[in-house]
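There are 4 protein chains.
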Amino acid sequence: MSQADRSAKHTEIAGATADRIEVRGRDLVGDLVGRLSFTEMFLFHLLGRRATPLQVAVTDAVLVSIMEHGLVPSAIAARLTLLGAPESFQGAVAAGLLGVGDHFAGTASRCAELLDRIVAVPPSERKALALTLVQSFRRDRKALPGFGHPTHRSGDPRVPRLIEIARANGAQGHYIEALSLLESAIAEVLGRTLPTNVSAAIAMALREAEIPTEAMRGVVLTARCAGLAGHLLEEMRDPSAEEMWQAVERAVPYKPQT
Amino acid sequence: MSQADRSAKHTEIAGATADRIEVRGRDLVGDLVGRLSFTEMFLFHLLGRRATPLQVAVTDAVLVSIMEHGLVPSAIAARLTLLGAPESFQGAVAAGLLGVGDHFAGTASRCAELLDRIVAVPPSERKALALTLVQSFRRDRKALPGFGHPTHRSGDPRVPRLIEIARANGAQGHYIEALSLLESAIAEVLGRTLPTNVSAAIAMALREAEIPTEAMRGVVLTARCAGLAGHLLEEMRDPSAEEMWQAVERAVPYKPQT
Amino acid sequence: MSQADRSAKHTEIAGATADRIEVRGRDLVGDLVGRLSFTEMFLFHLLGRRATPLQVAVTDAVLVSIMEHGLVPSAIAARLTLLGAPESFQGAVAAGLLGVGDHFAGTASRCAELLDRIVAVPPSERKALALTLVQSFRRDRKALPGFGHPTHRSGDPRVPRLIEIARANGAQGHYIEALSLLESAIAEVLGRTLPTNVSAAIAMALREAEIPTEAMRGVVLTARCAGLAGHLLEEMRDPSAEEMWQAVERAVPYKPQT
Amino acid sequence: MSQADRSAKHTEIAGATADRIEVRGRDLVGDLVGRLSFTEMFLFHLLGRRATPLQVAVTDAVLVSIMEHGLVPSAIAARLTLLGAPESFQGAVAAGLLGVGDHFAGTASRCAELLDRIVAVPPSERKALALTLVQSFRRDRKALPGFGHPTHRSGDPRVPRLIEIARANGAQGHYIEALSLLESAIAEVLGRTLPTNVSAAIAMALREAEIPTEAMRGVVLTARCAGLAGHLLEEMRDPSAEEMWQAVERAVPYKPQT
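Chains as they are written, first to last, in our numbering: chain A, 1 to 258; chain B, 1 to 258; chain C, 1 to 258; chain D, 1 to 258.
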């Protein structure tokens with residue numbers, strides 16, 4: 001291969017010829033279809049190599065945990081979009097996914113960055129670092145990503161379950177410990193506990209399984225894509241978007257500035 | 001130019017060199033910026049030639065007519081999206097535009113197709129064709145695009161205004177007449193009148209100005225893009241998406257299937 | 001429950017209280033997380049009941065089959081979107097999904113409708129109906145959904161694999177037969193074969209598993225959402241969107257109308 | 001009005017009754033349609049009050065300046081999306097707008113923040129502050145928003161034109177001066193000039209007209225929405241998305257990791 005070819009841009013993901021489709025160097029039909037579950041294939045695609053049993057177990061648990069939480073803003077946006085554009089199922093799904101941003105989804109990635117910093121230092125220094133991190137967020141009056149929840153005030157029930165699943169599948173426990181150190185540091189700095197939310201548990205679980213932080217958004221979006229598909233199916237069979245619209249108009253009436 | 005070059009794909013819209021930007025063959029800076037209003041430039045871009053005064057007047061009137069109608073589903077979807085993804089203003093706008101589809105926006109294009117069919121026949125045959133068209137929609141139990149409105153039941157106030165503006169700017173009146181023929185045919189076939197809605201008036205006005213039917217969606221979307229920008233500005237300054245969410249959850253509660 | 005309550009709108013999908021999240025009547029944490037794979041949960045959400053082994057096997061095979069096909073238009077659109085808006089991973093995914101519409105994704109649903117019509121008649125009449133359907137498409141000069149492919153001209157390798165997986169997991173075979181009848185009818189009407197594409201195989205496989213046609217778009221979009229997540233991860237690590245842009249500008253140059 | 005009502009959420013934008021539509025306290029049909037141009041209406045909506053002649057002139061000039069720049073990534077993404085989803089014009093527009101993010105559009109807002117900081121201090125201190133700001137960006141190795149351009153290397157021709165239009169319409173000149181101070185500071189700190197790009201000129205022009213920084217994204221998106229509508233019209237009449245796709249596949253081939 002010449003120098004020019006080496007430096008040229010390419011994709012390592014997939015390619016097709018008339019009778020063969022290759023994904024990351026493997027024959028799609030011969031090696032993957034019928035042999036891998038969705039989650040195994042998703043991880044093979046994201047990681048570029050076959051996933052470990054821990055990675056599959058944890059990713060399945062995370063995907064199941066966040067697929068559905070009912071009429072959250074992204075589901076409402078998707079249903080209202082279908083009302084206006086019934087011809088475009090994909091447009092309604094896209095509208096829903098557009099709300100899966102920093103406020104809800106981004107916290108998993110940002111919490112993972114905190115956990116990574118704690119795990120990166122020697123075990124004996126982790127407690128002090130957790131305290132420093134919490135103090136720094138408090139000083140800047142910024143919300144600590146992964147903590148606090150409007151509904152699950154005494155703790156999101158998904159958090160202990162994800163810890164349990166990670167442990168049961170052979171996680172080493174460094175990230176579980178880091179999360180626990182952050183919880184203790186919060187109690188010390190604030191003088192009270194904050195509920196650990198599912199974003200923190202996702203961060204912990206996926207990092208225990210060595211799934212890179214930059215892949216987390218893709219995992220969250222895929223779970224929500226599946227969730228939105230179900231909402232739109234319900235909306236097509238038993239529409240309620242008109243009622244949602246009317247409820248919003250009543251709750252936020254027009255009052256001209258005087 | 002060789003035969004191969006002639007048949008090759010190209011764009012006629014715009015191109016740039018180091019010191020010049022050309023849009024449809026004109027020097028952007030020297031010929032267009034500071035000389036054309038937004039609407040004149042938009043029409044120059046859509047039509048590929050300078051717009052007539054009738055085209056500009058009618059397009060401005062249409063754009064102003066539909067920019068804002070308050071907390072319609074697309075505005076709610078945009079605001080809910082900003083709640084989840086405050087980092088992406090464009091994502092919230094896009095979510096709102098995704099609901100500007102067949103149910104609301106598509107009716108203008110479909111009504112324009114009906115009007116085009118009526119105007120295409122000799123004047124003496126138009127009344128009979130309008131009747132045939134309305135009967136055909138009734139037979140197929142399909143809604144006639146451009147008629148009926150949940151709020152403006154005795155007629156949308158924008159309809160007579162757009163007719164007035166088209167006439168005042170030199171429209172020939174064929175499409176105004178065709179719309180009137182459809183209204184009479186509806187009264188005859190149904191035994192009662194239906195309110196003509198703003199989509200029908202948009203179709204009539206833009207076709208009077210010889211703006212092609214296939215350009216209508218772009219006009220509607222641009223007006224709504226501007227409208228959504230204002231909603232998101234209000235949402236950033238005085239957020240109400242949390243209240244919208246709660247109102248929807250109350251209006252459409254979770255009841256598991258039994 | 002009063003009459004008013006009965007008729008009121010509700011959602012059967014999910015709801016949450018302070019210490020419990022319920023999805024379709026089940027305790028999310030106790031009954032689903034850690035017990036169901038992603039695909040089992042997705043089907044539970046779409047169908048409202050636990051999926052059969054045939055449904056899980058076929059859905060996994062379909063999801064794996066269409067997750068990746070390389071730099072298809074939706075992947076290019078997603079990568080170009082990330083170039084302009086690196087702050088919004090979800091925006092880039094949404095842009096990619098917006099291209100998963102009638103041209104590529106809709107064919108599975110439309111092919112399923114044809115197969116449903118054939119399976120709905122007594123076995124002795126199916127061959128004749130398949131012939132009638134193909135003749136009708138030919139008369140209207142419309143493309144038969146599920147047949148023809150620009151790359152896989154002698155047949156998409158995923159088609160026989162999906163048939164094999166359906167059979168191996170206990171499919172009854174009515175849809176496999178219906179697909180075969182369509183293939184024979186095409187050969188008879190056109191005097192030559194057309195390649196059966198993956199959309200037809202998806203339609204066949206999911207209908208063999210009694211997954212409703214209206215749920216197919218959601219399955220396709222979820223597979224592609226996972227695929228796009230991997231493309232964006234590659235784009236973040238080894239960007240090529242600038243090169244894509246330049247390649248397009250060279251391929252489709254600006255030539256003003258003369 | 002009770003205390004509860006006062007504190008309740010409301011919208012000041014628009015509302016409708018059976019025979020009247022009100023936008024920001026004015027009768028849409030009687031006061032606005034046929035009286036305001038698109039740009040005047042857009043500014044009335046964004047600002048909540050009638051725009052000044054300077055505001056209209058500058059906003060029109062900005063909208064015209066950035067409506068079209070040819071086959072930029074957002075236009076390519078929109079066209080590729082239409083290829084896959086020809087049924088959804090709004091989906092293709094939305095896909096295009098999703099790329100109008102921090103990399104291209106966000107620079108106007110960020111540059112405006114720099115200009116605001118310079119204008120906020122007494123005139124005698126502005127030169128020193130501009131120098132400090134440029135040095136700070138250089139120290140952090142961050143790109144100064146509004147400067148540098150891959151094509152227009154000796155300066156974007158739109159920049160002097162927007163300055164000229166602002167001046168000709170009565171701008172006070174504080175932001176023009178601030179921009180000039182930044183240019184001088186860059187030359188001093190870097191030892192060479194950087195081309196001022198159109199984002200800086202948009203920031204300068206809109207701030208001269210007292211249009212708030214947080215409204216800039218909406219202005220940019222609306223101009224691009226109009227631009228994308230024209231691209232999609234060309235794509236519908238003379239499709240080139242297939243050629244774009246092939247060009248990308250050639251430029252970025254599949255090479256599996258070895």
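Everything labelled a hint here was simulated from the structure, so no lab data went into it. Where hints are given, some of them may not hold.
Note that identical chains are pooled: a pair holds if it fits in a single copy or bridges any two copies.
Calculated lysine-lysine pairs in the DSSO-like style (CA-CA distance at most 27 Å, straight line) [as the list claims (entries may be wrong)]:
id: 1; residue 1: Lys255; residue 2: Lys127
id: 2; residue 1: Lys9; residue 2: Lys127
id: 3; residue 1: Lys255; residue 2: Lys142
id: 4; residue 1: Lys127; residue 2: Lys142
id: 5; residue 1: Lys9; residue 2: Lys255
id: 6; residue 1: Lys9; residue 2: Lys142
Right, here's what the structure says about each hint:
1. In this assembly of identical chains, the alpha carbons of lysine 255 and lysine 127 never lie at most 27 Å apart, being 53 Å within a copy and 45 Å across copies at closest.
2. Proximity of lysine 9 to lysine 127 under the C-alpha cut-off of 27 Å is found in neither arrangement, the shortest distances being 44 Å within a copy and 44 Å between copies.
3. Neither within a single protomer nor between protomers do lysine 255 and lysine 142 lie at most 27 Å apart by alpha-carbon distance, with minima of 33 Å and 37 Å respectively.
4. In this assembly of identical chains, the alpha carbons of lysine 127 and lysine 142 lie at most 27 Å apart only when taken from the same copy (21 Å versus 33 Å across copies).
5. For the identical chains of this complex, lysine 9 and lysine 255 are inter-copy neighbours only, at 10 Å across copies versus 56 Å inside a copy, given an alpha-carbon limit of 27 Å.
6. Taking the closest pair of Cα atoms, lysine 9 and lysine 142 come within 27 Å of each other only across two copies (26 Å); inside a single copy the shortest separation is 40 Å, beyond that limit.
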